[in-house]
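There are 2 protein chains.
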Amino acid sequence: MTQMMGKQSIQFEKAPHILCGASIVGKKEGEGPLGKLFDEIEEDPMAGQASWEEAESALQKRAAQMAIKKAGPSCGPVRYLFAGDLLGQLIATSFGVMDLQIPLFGLYGACSTMGEALMLGAMTVQAGYADTVLALTSSHFASAEKQFRFPLEYGGQRPLAATWTVTGSGAFVLAPKGGKARISGVTPGKVVDYGLKDSLNMGACMAPAACDTIYQNLVDFGRSPSDYDAIVTGDLGSVGQTILLELLDKKGFDIAKQHLDCGMMIFDAQSQDTHAGGSGCGCSAVTLAAKLLPMLEKGQWKRILFVPTGALLSTVSYNEGQAVPGIAHGVVIEHC
Amino acid sequence: MTQMMGKQSIQFEKAPHILCGASIVGKKEGEGPLGKLFDEIEEDPMAGQASWEEAESALQKRAAQMAIKKAGPSCGPVRYLFAGDLLGQLIATSFGVMDLQIPLFGLYGACSTMGEALMLGAMTVQAGYADTVLALTSSHFASAEKQFRFPLEYGGQRPLAATWTVTGSGAFVLAPKGGKARISGVTPGKVVDYGLKDSLNMGACMAPAACDTIYQNLVDFGRSPSDYDAIVTGDLGSVGQTILLELLDKKGFDIAKQHLDCGMMIFDAQSQDTHAGGSGCGCSAVTLAAKLLPMLEKGQWKRILFVPTGALLSTVSYNEGQAVPGIAHGVVIEHC
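Residue numbers (the working numbering), protein chains in the order written: chain C, 1 to 336; chain R, 1 to 336.
Hints may contain errors.
As the list claims (entries may be wrong) - To list a few chain C residues with every Cβ distance to chain R over 12 Å, as calculated:
hint: 1; residue: Arg62
hint: 2; residue: Ala92
hint: 3; residue: Gln157
hint: 4; residue: Gly189
hint: 5; residue: Ser226
hint: 6; residue: Asp273
What the hints assert, rightly or not - Per the computed footprint, the stretches of chain R lying under chain C, defined by three or more beta-carbons under 8 Å from a beta-carbon of chain C, are:
hint: 7; region: 49–55
hint: 8; region: 79–88
hint: 9; region: 103–112
hint: 10; region: 127–137
hint: 11; region: 305–314
hint: 12; region: 318–329
Calculated directly from the structure, the hints in this document are not laboratory data. Where is the CB? At the ideal position from N, CA and C, for every residue including glycine.
The whole structure should be built from the sequences, with the hints applied where relevant.
Given below as structure tokens:
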């Protein structure tokens, strides 16, 4: 049986298992609807460090160490690390994982990076290139605001379509066996550009990419939306969700019953003033670790399509008048 | 036979082939020692675009299209793309590959990115996840100066340890068969930090990482330096080379006879005023395409270790007083 499925997907003959996930988040995320589910809540936005960037690195390191500890000694040393973040030149990752001394594949897929890390990690494990790998991403509200938007002190107003970057890091240990969930297939996504230029409406920018990947996943695997207990996008937020459902409906798939969005799950938009929802590489990562993975592990869900979504922009591309294209990667996770 | 070799390497049972490489460079690179070997020389630093970043994107797109054309129709459509560049949030890549409409794994390993792309591309092909993949990276002197250093108009003086970012893009098509070179193994590298803080002496910052990866490759595969016709680092330059040879010598390996550095090959430092050598994601990529790969294809070399090297810094990490750690990825390429 070939492992290539349709136009752009892969089905794993020996689906790599997710041994465990670990999550660490900031204070605001801890106060949200998923607050009690996270492994650790760091109340100090600086995480005891000297800068926002070092704080984000510290979160990555702690999430990685927590996941390795949870996996236990029986799984052996982690052979390869697949990791990334939102900051220019991935500095949160480079400085975060340095002490781990694990060979690193540095990844950038904007907020879709956890999808990319899980895909490549699973591809590596099932091919026999490693017995244990770690998938790791992070984001930090303040380091992201500094990177992409305005100084916090400026106190700029945010439009209602804007999302709030999650402070947090999620880590997952993948191995050939163990654990109660496995990655049975993946659908790597393409860069999709609808020409939208509003970097404060990233949900709208990313929705076409999410549509493209979900559509292709359903076609490649010959599935209907009801074959999934949930189809969970990364951080489209409420504005992006509306667009996604409409776009997929036009392509013949109604996923209204299955669709969830990590960005909408992690904050209570009304009481927490986060507008359209949460976002960032950490958003889908910690939501998977704290909420989605346990639902699969307990068997409350049998199979989900996890689709982290990324908006591909930098301050340079934005200031030069470029559009904000999107990318989304699909990961099929099943109870086992 | 297991595919895992030693502590951190992989040996491919069915070594993926490099069908072809393609290179496009700027005017200065075209005037250098390898000038006549590049597929295309773009005399216009803007490549007909409106900004340096768009110019770099255009080079990526043209290199990718050239490689696909060279590979010919028999190799079928490219299923996955492994690509990256030096710019924050990989904008040269995102906007460069958009029109290709190929599922993208965005990679960041600083100037080591071509190593990362070739490793993951080879891992993907030999596992049967794709019949054809493309590995692609780029850099641009002006977009890199803008990203990392000073405005060009400022005319800042450069110390002798500094390197000159190569304007260029290299692309490689990998497939299970065809072509006259193959990737027989890989050694993904760790982040290595010796605490050096001089971002204008990146050769010194990266040499310890190159040493670590080359050492591990020799140990993992049980080889001595003479088992390679050449051990070619990415962009250590003359200062980094001296350090690398000394560090490896202390670990018991003398690679003086085998060592070459793409950064030292691509420019004539004396006449072209490039100081320690060339650098950038494009440097090792175009040197591999134009010089190293043809040497292997013709059988003048039987086996080389290609080791692109990256310096992990951003202006933020530098301004916050962080060190400049390095990373290096090893790719074993053989004549076949």
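Verification of the supplied hints:
1. Every C-beta of chain R lies more than 12 Å from that of Arg62/C, the closest at about 17 Å, which supports listing it as non-interface.
2. The claim that Ala92/C is not at the interface with chain R is violated, since a C-beta of that chain comes within 12 Å of its own (minimum 9 Å).
3. With a closest Cβ-Cβ approach of about 24 Å to chain R, Gln157/C is found to remain outside the 12 Å limit, as its non-interface label requires.
4. For Gly189/C, the condition that its CB be more than 12 Å from all CB atoms of chain R is violated, with the nearest at approximately 6 Å.
5. No Cβ of chain R comes within 12 Å of the Cβ of Ser226/C; the nearest lies about 25 Å off, and the non-interface call holds.
6. Remark: the non-interface label on Asp273/C is consistent with the geometry, its nearest Cβ contact in chain R lying 27 Å away (cut-off 12 Å).
7. A stretch counts as covered by a chain when three or more of its residues have a beta carbon under 8 Å from one of that chain; for the region 49–55 of chain R and chain C the count is 4, and the coverage holds.
8. A count of 6 residues in the region 79–88 of chain R with a Cβ less than 8 Å from any Cβ of chain C is obtained; the coverage claim is therefore met, three being the minimum.
9. For the region 103–112 of chain R, the stated coverage by chain C is satisfied: 8 residues place a CB nearer than 8 Å to a CB of that chain, which reaches the threshold of 3.
10. Coverage of a stretch by a chain is defined here by at least three residues with a beta carbon nearer than 8 Å to that chain's beta carbons; for the region 127–137 of chain R and chain C the count is 5, and the condition holds.
11. Interface restraint, the region 305–314 of chain R with chain C: holds (3 residues with C-beta to C-beta distance below 8 Å; minimum three).
12. Coverage of the region 318–329 of chain R by chain C holds [criterion: at least 3 residues with CB-CB distance below 8 Å; count 4].
Against the hints set out earlier in the document, violations occur for numbers 2 and 4.
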